[in-house]
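Using the sequences and the accompanying hints, generate a full structural model.
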Amino acid sequence: MIPKALKSSLEQRVADAATNREAAVDIMKELQRHYGWLTDEALEEAAQLLGLSTLQVEEMATFYEMIYRRPVGRHVVHVCDSISCWTSGGETLLESLAHLLRIEPGSTTADGFITLLPCSCLGNCGEAPCMMIGEKQYGRMTPQTVSEIVTSLRKTR
Amino acid sequence: MEQILLKHTLPGQCLSFDEYRSVGGFEALAHALGNMTPAEVQQSVIDSGLRGRGGAGFPTGKKWSFVPRDLPGPRYLICNCDEMEPGTYKDRVLLERNPHLLVEGMALACYALGVQHAFIFVRHGYEQAAENLRNSIYAANVSGFLGDNILGSGFNLKLDVHQSAGRYICGEETALISALEGKRANPRVKPPFPAIKGLWGQPTVVNNVETLANIPAIITGGPLWWKSTAANPEAAGTKLFCISGHVANHDCFELPLGMTLGEIIDGPSGGMRPGSSFKACIPGGASTPYLTGMHRDVPMDFDPLAKAGSRLGTGGIIVFDQTICMVAATLNLIRFFARESCGWCTPCREGLPFVRHTLELIETGRGEAHHIDILREHVQLLNYSFCALAPGAMGPIDGLLNHFEDELREHVTARRCPFKGAHSS
Ligand SMILES: Cc1cc2nc3c(=O)[nH]c(=O)nc-3n(C[C@H](O)[C@H](O)[C@H](O)COP(=O)(O)O)c2cc1C
Ligand code: SF4
Ligand code: FES
Numbered sequence: 007m008i009p010k011a012l013k014s015s016l017e018q019r020v021a022d023a024a025t026n027r028e029a030a031v032d033i034m035k036e037l038q039r040h041y042g043w044l045t046d047e048a049l050e051e052a053a054q055l056l057g058l059s060t061l062q063v064e065e066m067a068t069f070y071e072m073i074y075r076r077p078v079g080r081h082v083v084h085v086c087d088s089i090s091c092w093t094s095g096g097e098t099l100l101e102s103l104a105h106l107l108r109i110e111p112g113s114t115t116a117d118g119f120i121t122l123l124p125c126s127c128l129g130n131c132g133e134a135p136c137m138m139i140g141e142k143q144y145g146r147m148t149p150q151t152v153s154e155i156v157t158s159l160r161k162t163r
Numbered sequence: 013m014e015q016i017l018l019k020h021t022l023p024g025q026c027l028s029f030d031e032y033r034s035v036g037g038f039e040a041l042a043h044a045l046g047n048m049t050p051a052e053v054q055q056s057v058i059d060s061g062l063r064g065r066g067g068a069g070f071p072t073g074k075k076w077s078f079v080p081r082d083l084p085g086p087r088y089l090i091c092n093c094d095e096m097e098p099g100t101y102k103d104r105v106l107l108e109r110n111p112h113l114l115v116e117g118m119a120l121a122c123y124a125l126g127v128q129h130a131f132i133f134v135r136h137g138y139e140q141a142a143e144n145l146r147n148s149i150y151a152a153n154v155s156g157f158l159g160d161n162i163l164g165s166g167f168n169l170k171l172d173v174h175q176s177a178g179r180y181i182c183g184e185e186t187a188l189i190s191a192l193e194g195k196r197a198n199p200r201v202k203p204p205f206p207a208i209k210g211l212w213g214q215p216t217v218v219n220n221v222e223t224l225a226n227i228p229a230i231i232t233g234g235p236l237w238w239k240s241t242a243a244n245p246e247a248a249g250t251k252l253f254c255i256s257g258h259v260a261n262h263d264c265f266e267l268p269l270g271m272t273l274g275e276i277i278d279g280p281s282g283g284m285r286p287g288s289s290f291k292a293c294i295p296g297g298a299s300t301p302y303l304t305g306m307h308r309d310v311p312m313d314f315d316p317l318a319k320a321g322s323r324l325g326t327g328g329i330i331v332f333d334q335t336i337c338m339v340a341a342t343l344n345l346i347r348f349f350a351r352e353s354c355g356w357c358t359p360c361r362e363g364l365p366f367v368r369h370t371l372e373l374i375e376t377g378r379g380e381a382h383h384i385d386i387l388r389e390h391v392q393l394l395n396y397s398f399c400a401l402a403p404g405a406m407g408p409i410d411g412l413l414n415h416f417e418d419e420l421r422e423h424v425t426a427r428r429c430p431f432k433g434a435h436s437s
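Quick note, the sequences are listed as chains E and B, same order.
Following the numbering used here, the numbering of the first sequence begins with 7 at its first residue and continues without gaps.
Following the numbering used here, the numbering of the second sequence begins with 13 at its first residue and continues without gaps.
Hints listed in this document are in silico derivations from the structure and should not be mistaken for laboratory results.
Mixed in with the good hints, there may be bad ones.
[What the hints assert, rightly or not] Derived DSSO-like pairs: lysine-lysine, alpha-carbon spacing no greater than 27 Å straight-line: (1) K75(B) - K209(B); (2) K35(E) - K195(B); (3) K195(B) - K209(B); (4) K75(B) - K35(E); (5) K35(E) - K161(E); (6) K195(B) - K13(E); (7) K170(B) - K75(B); (8) K319(B) - K195(B); (9) K291(B) - K319(B).
Please read these numbers as outputs of a predicted model, since none were measured by experiment.
Right under this line is the structure:
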């Protein structure tokens, strides 16, 4: 169940939309922000808010890179593996994160705190190599800055 | 060199709404609403020679002219800020520095097209750009440049920002329309083209951010002046080039369209970084075939690049030095496209993973000579796919076969990647 305040703000978003469905991505994102990932419960809530079937929401949810239909850690670290980052040490960045977190890319730390995912171009290619944690972008990563960021991320626990 | 889009702006700073107004912002809109008919605005865009900056380079005014004005019901304009083509970050830079230019450009386009409700489709990860746009739209509404009866002209316009959740195919215009309607973002069959039957079945124009941001200058400076900001008489206007890879300066530059590749690399890009020498580059985002040293004098413009076997694309230039294995680079690109295939049609859904697999065999020393023929065959076969993603995906393969076939063959005969140690994978 989502809190009343969140529910009414989501209802408002749907009411303001050109059509109910136009608001679908925003609704999924907000519910994901609340639950951490788009749980089955969230999917049903989204369907109800949008006046759609759960299958119709699922069709969209499984399509987008940034909607998670499986559990993820509290923080999701997305590392760009596209071409500009690849020319500028993107593979090394992903390896060093995997090493620092002691997990394979695509998985979550044992304490459920951090998930590491390779991702498509972040549109920040001038600052390669790049990554994104939640919605915050980081560029020009070096082994030094990566380990500092991981350390400070762990402190938010 | 004339600056149109980045004029008055500084890196890392967003021009405020008041600053924009103090440097002539919204004067083009006021002028058009007061002194020009919608048809005259469209004619100016046609006369300017403006071609779409989103990748395909279609003449903008001509696209607008396909929109029927006599059908009942609304018409729509959608600004495409999906920008997920690897190597491309120009729209983000523009919107982080001057979102108002897009708002004014869209208002002018909507006036020309008779549109009263328009959308800006923004990719995930562009939070700052979306925020800047919402602020600019809010301020424009308060100042009477958007909303009802704009500047007393009787023209009404509502602008909405739609944020996406990440998928390259959403940038394809018909898939974008599906996404905006809140459906799975598969492309739609053309014809009917969006100009006839687009968003919610109504006539719709889809234009790139940079395309629309050029409209105010076309109105204020006049189409002929605007056209003349290019480097040569065949080209029209300026272009945002965003540079990455092995050059000294990674940045987004506004340059006259038609500057040569060599001028862009040695000039604003600051040349190759120390220790690097130029091997090849991608001229306009991940789907455009490679250029090599022999292309240094090719003007970076639509037709000259097509003649050179590539495309201007988005203007995202990615430069490779002598350390880069072109087979490995192409493998990186094809992995992106295979992952981003929307799965709707068989040639792309099945073909791209097969091409990726074939290239993987070659790169890891398990390739055979006939694998190169398979790649060549697929450059043709993937033209039978449903949308332009798959043919675009084969752009790098095409470039690889045209310019680096020797390197491919070397992988096969040596049974390993010559850029890596023996038997590595
Ligand atoms: C797979 C694919 C992705 C695309 N992505 C974008 C994009 O992110 N931004 C964009 O403006 N155009 C993109 N396009 C091109 C659009 O379909 C369309 O041609 C363009 O938005 C038209 O605007 P313009 O005429 O102003 O260039 C893409 C095309 C394809 C096939
Ligand atoms: S070519 Fe690829 S992206 Fe386009 S419709 Fe077919 S499967 Fe989808
Ligand atoms: S290629 Fe990594 S941000 Fe674009």
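Status of the hints after comparison with the structure:
no., hint, verdict
1, K75(B) - K209(B), "holds, 14 Å"
2, K35(E) - K195(B), "holds, 15 Å"
3, K195(B) - K209(B), "holds, 16 Å"
4, K75(B) - K35(E), "violated, 34 Å"
5, K35(E) - K161(E), "holds, 25 Å"
6, K195(B) - K13(E), "holds, 22 Å"
7, K170(B) - K75(B), "holds, 22 Å"
8, K319(B) - K195(B), "violated, 38 Å"
9, K291(B) - K319(B), "holds, 20 Å"
Hints 4 and 8 from the list above are not met by this structure, while the remaining hints are.
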